[in-house]
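Student: Can you make the complete structure from the sequences, with help from the hints?
There are 2 protein chains.
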Amino acid sequence: MADWITAGAAGTEPIWEAGWPPLPPGACLWLTGLSGAGKTTLAQALMQRLRDRGAPVEVLDGDIIRQNLTKGLGFSKADRDENIRRIGFVAQLLARNGAIVIVSAISPYREIRDEVRAKIGDPFIEIYVNAPLATCESRDVKGLYQKARAGEIRGFTGIDDPYEAPLNPEVECRTDQETLEESLERVLGLLRSRGFPV
Amino acid sequence: MADWITAGAAGTEPIWEAGWPPLPPGACLWLTGLSGAGKTTLAQALMQRLRDRGAPVEVLDGDIIRQNLTKGLGFSKADRDENIRRIGFVAQLLARNGAIVIVSAISPYREIRDEVRAKIGDPFIEIYVNAPLATCESRDVKGLYQKARAGEIRGFTGIDDPYEAPLNPEVECRTDQETLEESLERVLGLLRSRGFPV
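For the protein sequence lines, the chains are P and D, in the order given. The first sequence lines up with residues -9 to 188 when you count with my numbering. The second sequence lines up with residues -9 to 188 when you count with my numbering.
Hints in this document: simulated from the structure, not taken from any laboratory. Each hint can be trusted.
In this list, chains with the same sequence are indistinguishable; a pair is considered to hold if it fits within one copy or across any two.
With a Cα cut of at most 20 Å, we get these calculated SDA-like pairs of lysine to any residue:
no. : residue 1 : residue 2
1   : Lys61     : Lys109
2   : Lys61     : Phe79
3   : Lys109    : Asn58
4   : Lys109    : Ile54
5   : Lys109    : Gln57
Tutor: Now the structure itself:
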């Protein structure tokens, strides 16, 4: 804290006198896509790169949020929508206070994604993490597709629940056709075009 | 955003090259107390003062959080605890990203307040907004005490549900004995002692 207090923005007067330094702009990187499309992998790579640049970063992972904010919600459309609405609420709070929020959640329904986009406004950046269902299913990192096919999980996105692809995402990453580095570079390029020092 | 990009922290190199500027320290001002004790009034005054100093501020009001994050939760001990836990989760995210979070919630149970304190750590500042029950009841801003006394509301804190006062709050404001300015000054004094430019 000492550094921050003594190092004035103009290099002359202490911040103590000047109040808080100007808030850097925040952003909400919203990663949507099927289970297994590569959201978590891309989210982690983005987090690492942004942290390396000194950015305040938070990853809001769908699964973790379900433990902390939306315990008790299921996977009906209404519950999925409420889950996404709450993630959006927290993402908005963080982004408008200068943080870079990376949301990693299937978020299968277009309408609720667009509702969150409308609330958050310009800082909202939709990133479609896109791999064909067959690719995601063959990866089956968590073994969930197998369970869904066996009928052990009901309402699984892509199997017996719809995924509504974004119509105009700011970035689309075809994780079956490009490397992680290439996907990462796509997102960073978009951030650079908006003035972020990444 | 242009200002932020061009104005380097050291006054020489653009932040674009240097990455993000250092993150100012955050804080969580946790206002606890009976309904009618003056939490909202103090929270608003604090918010205004901090905003005037350029701080990134968020007020997490118990009632508003119940609409956005904890819809469906009631007022049993378990539900109250889950409500507080979620507020604490969001407050932690904000505080560790440099925001000053003002929580305004009855938060009647000591154990869950201490759990949140342990999670948030040093940035957690407990402010006991203290007025005797009789004073709060005579104010009865929202008409809730009357309803509780009439049995129309069950489990109302202070009437038929306990309020466990903080044992070692960082600040105590006796709102029945001091002016709003005096209460405000107490909190600002604590913040100043921690190096915040208020």
